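Residue numbers (the working numbering), protein chains in the order written: chain V, 1 to 100; chain U, 1 to 178.
Please keep in mind that the hints were generated in silico from the structure rather than gathered at the bench.
There's no promise every hint is true.
[What the hints assert, rightly or not] Okay, the calculated beta carbon distance ranges per label pair:
# : chain 1 : residue 1 : chain 2 : residue 2 : range
1 : V       : Arg85     : U       : Ala102    : 32 to 38 Å
2 : U       : Arg94     : V       : Lys53     : 30 to 36 Å
3 : V       : Thr96     : U       : Arg172    : 21 to 27 Å
4 : U       : Phe71     : V       : Ser97     : 17 to 23 Å
Since we're looking at a predicted model, the values are computed, not measured.
Think of the CB as a built atom: it goes at the ideal place given N, C-alpha and C, for glycine as much as any other residue.
What follows is each chain in one-letter form.
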Amino acid sequence: MIPLGHYLIVSALLFAIGTAGVFLRRNLITILLSIEIMLNAVNLSFVAFGRFKGDLDGQIITFFVMTVAAAEAAVGLALVIALFRHKESLNPDAFTSLKW
Amino acid sequence: MAETVTFYLLAGLAIVASVLVIGQRNPMYSVLLLIASFAALAGLYIQLDAYFVAVAQIIIYAGAIMVLFLFVVMLLNAPQEDAAEWDRLHPLRRPGVARFGATLAVLLVVQLVWALTRIAEYDAAVGGQAAGAAVGSVREMGRVLFQRHGFAFEATSILILVAMVGAVVLARKEGPDA
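Whenever a hint applies, use it, and build me the whole structure from the sequences.
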């Protein structure tokens, strides 16, 4: 039997990797991918907690997270396409026109 | 025993693939590696008796969302991360600042793991509890989803509609001929 803590540590490591990706990478697509890693890390702890408690709520909320992730990916990629059309670049630091 | 080996194999695969995702300069490889990471996570879900979530993970994440990402990467045809002159001279890229940020990130991981190892349920085995059959059954899941979470389910459909309209509006070409 795997202890609950090991699932949570895997989840924490994946979440930290996703956070590091958001801060370190200079590419909008990789940043979106890092957000997906973070969402998946949280899904893993939801499912592990749900199995630990022996009910289905953990799996149900995982479905809602997946739906939100799909919506977020669609809108995020549409934004990336619109920004790329504007500046011909995927570097987040290229979009500074809202800075004063 | 086999269960333990499978767990560490899948967990290691998920973590290594995720590290490589953010270590790649080519977004194409990043997307493909992320699919491997999601497949490993689906294996972990199967080990947790969440069969339907595992299948949904493969179909929705590895199938739909990652194909969408691949499509955009190919469409934009910008394989390499561009490191322009002004970007390399960016104040946040100075070595001292970068080292400070890396220290903070490592500190966050250490703190998280330390906090997790101190919770009371750390060594409680997952999957030993009763109701193992009910947790894996799709019938039971459908009942809970539509009876107890009906409102959230309907709200989800509005969310998807809004996202769909938003994506079309954002990605549309501007101008009189649009």
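Open item on the list: Hints numbered earlier in the text: which of these fail when held up against the supplied structure?
Closed with: Checked against the structure, the hints that fail are numbers 2 and 4, while the rest are satisfied.
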